[in-house]
Amino acid sequence: MENQKNVQAREYERYVKKVTPTHSLPVNMARAFLVGGLICVLGQYILNTAQAMGADKEEAGCWCSLILIFLSVLLTGLNIYPKLAKFGGAGTLVPITGFANSVAAPAIEYQKEGQVFGIGCKIFTIAGPVILYGVVSSWALGLIYCVMRLWR
Amino acid sequence: MDYINAFWVGGLICAIVQILLDRTKLMPGRIMVLLVCTGAVLSAFRIYDPFAEYAGAGATVPLIGFGHLLYQGVKDAVDECGVLGLFMGGLRASATGISAALIFGYLASLVFKPKMKE
Amino acid sequence: MNERMGHQSIRFGEPVYIRSGASVAGKKEGEGPLGPCFDEIEKDPLAGEKTWEQAESALQHRAALRALDKAGIRNTDLRMIFAGDLLAQCTASCYNLAQLDVPVYGLFGACSTMGEALSLASMAVAGDFAEYAMALTSSHFASAEKEFRFPLAYGSQRPLSATWTVTGSGACVLSKEKSGAAVTGITTGKIVDYGLKDSMNMGACMAPAACDTICTHLQDFGRQPEEYSKIITGDLGSVGQQILFDLLEKQGYDIKRQHLDCGMLIFDDAVQDTHAGGSGCGCSAVVFASYILPRIISGEWKRVLFVPTGALMSKVSFAEGQTVPGIAQAVVVEHMEEKD
Chain A
369 MENQKNVQAR EYERYVKKVT PTHSLPVNMA RAFLVGGLIC VLGQYILNTA QAMGADKEEA
429 GCWCSLILIF LSVLLTGLNI YPKLAKFGGA GTLVPITGFA NSVAAPAIEY QKEGQVFGIG
489 CKIFTIAGPV ILYGVVSSWA LGLIYCVMRL WR
Chain B
8 MDYINAFWVG GLICAIVQIL LDRTKLMPGR IMVLLVCTGA VLSAFRIYDP FAEYAGAGAT
68 VPLIGFGHLL YQGVKDAVDE CGVLGLFMGG LRASATGISA ALIFGYLASL VFKPKMKE
Chain C
45 MNERMGHQSI RFGEPVYIRS GASVAGKKEG EGPLGPCFDE IEKDPLAGEK TWEQAESALQ
105 HRAALRALDK AGIRNTDLRM IFAGDLLAQC TASCYNLAQL DVPVYGLFGA CSTMGEALSL
165 ASMAVAGDFA EYAMALTSSH FASAEKEFRF PLAYGSQRPL SATWTVTGSG ACVLSKEKSG
225 AAVTGITTGK IVDYGLKDSM NMGACMAPAA CDTICTHLQD FGRQPEEYSK IITGDLGSVG
285 QQILFDLLEK QGYDIKRQHL DCGMLIFDDA VQDTHAGGSG CGCSAVVFAS YILPRIISGE
345 WKRVLFVPTG ALMSKVSFAE GQTVPGIAQA VVVEHMEEKD
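Protein chains in written order, with my numbering: chain A, 369 to 520; chain B, 8 to 125; chain C, 45 to 384.
Worth flagging that the hints you see were computed from the coordinates, not collected in a lab.
Just to be clear, a hint being listed does not mean it is correct.
Said to hold, decoys possible - Have a look at the derived ranges for each label pair, beta carbon to beta carbon: (1) A:Lys454 / B:Pro57: 33 to 39 Å; (2) A:Tyr383 / C:Gly365: 19 to 25 Å; (3) B:Phe58 / A:Val515: 24 to 30 Å; (4) A:Asn371 / C:Arg339: 44 to 50 Å; (5) C:Ala142 / B:Lys120: 22 to 28 Å.
As the structure is a computational prediction, the values presented were derived from the model and not from experiment.
Each residue gets a CB set at the ideal place from its N, CA and C atoms; glycine is no exception.
Let the sequences and hints guide you as you build the complete structure.
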């Protein structure tokens, strides 16, 4: 009985997939390529400029993140980033600007729910997992590195 | 030349992620987590560095660069001060990005009002 | 004599007249094909309030007052209101109804709530439990996005199967006093779950429920689709409509000639980029009050089966990987000659 239900559910899912229209993948990929590529070019420009002004490689990287994040937050506040994202898809999600957008958007949206439980909590709704799993995975990999170093 | 490399490598990563967005049920949040973890793993296997050498911002601007930064920070800190470094390095190395996003994001919540989508 | 039909339907002995219908819609809805039909178009998405949720309440309040006004009665004449919305714990309705000072039943049927409200209000009037009863629902794009999806400033791409939550509210006053349109029967919907989990394809989640309710209705009343001028679903959208046709064909019914969908009527996807159509419990309510009801009153449509559909899910059920079951409530609305 349960099994039969599962079979039915799978069949229906397959049928729905067949009749549901989707965006053209090549078109979306081309847009993502274009938008993502351009954001990276902008990043490269900031890197080069910072280095030309005497920053070392690490500092230049910091300036690069800083400026891109600032621009992304600004565009989010002006309601332009969502439009860019609608066109660019993953092209706006993958770069660090996507991370900044995911921080700024809930902060703006939830201001009505107060400083602490509104902005304070919700600012992490999308970015929190990124920070958490980034920290934990790098810690775990670091642990392996640590053990291997002792081994040698 | 570095511009061209940044463009096509960064663009390519985005285009590949677009496949995940369109063809799987992965939500954007999950994809971001995936990218950061991938970056940390690539970094740990020493694939990231030569790659970043070639692609420049094409490798550092996408979120995998963030993962690399975290792992690299942990690794350097471990080299510097042993086990304690496991808990210090990651956030120290990625501090600019996280702080900038939080600070600017917070300021934006003071300046901007929620707007309707059109 | 009221009569129970089959297992799920009721035929009212005396018609329950729809005394008035009122609609208040948002800016985007006003720019759509039905723009000229609405009683009021609120250009400000906040409707002069501070939050999206309050804005939704305000729209509902205005729709209720307009419906009372059109029916020529005061709020104290209403015995009860059946009201609902999409927000958690139906808060949009609560804050509106606190101001209206009328006895209330709060409903949740997701986007099918207008069907649920009309059914219950008709029953209350048919059973002589109320001389006047109101059915009232609302939804708001921004409050729904915030509740169920992402903050509005977050960048994301909507799949083509996604629907656009309608900003607006619709209200109807029912009574036994004569008018040009009346509810003559209802079919209560069952919850139908085909195991789909995609909340971005709600049409596909709800189509099986719509099919179930429509088939049951036709069997309970012993009618054929041809006996209806129109069969109008709530917010299946273009994807759900296709699926509904396919599912009904398997049951031996063809409603392609009669079928309309409120979600597909309210927006023009080619211009407004809304994808599959409109949705939300405001969608079927404003389309019913502004577009369907006048056509029934004028006699252009003699008998309409109005079937709002709902996708029953919450943020928690979605996060926990539950399926999205659907429901559909059917209401038969017929043209009535006002003169005896």
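Can you name, in rising order, the numbers of the hints this structure does not satisfy? Failing hints: none at all.
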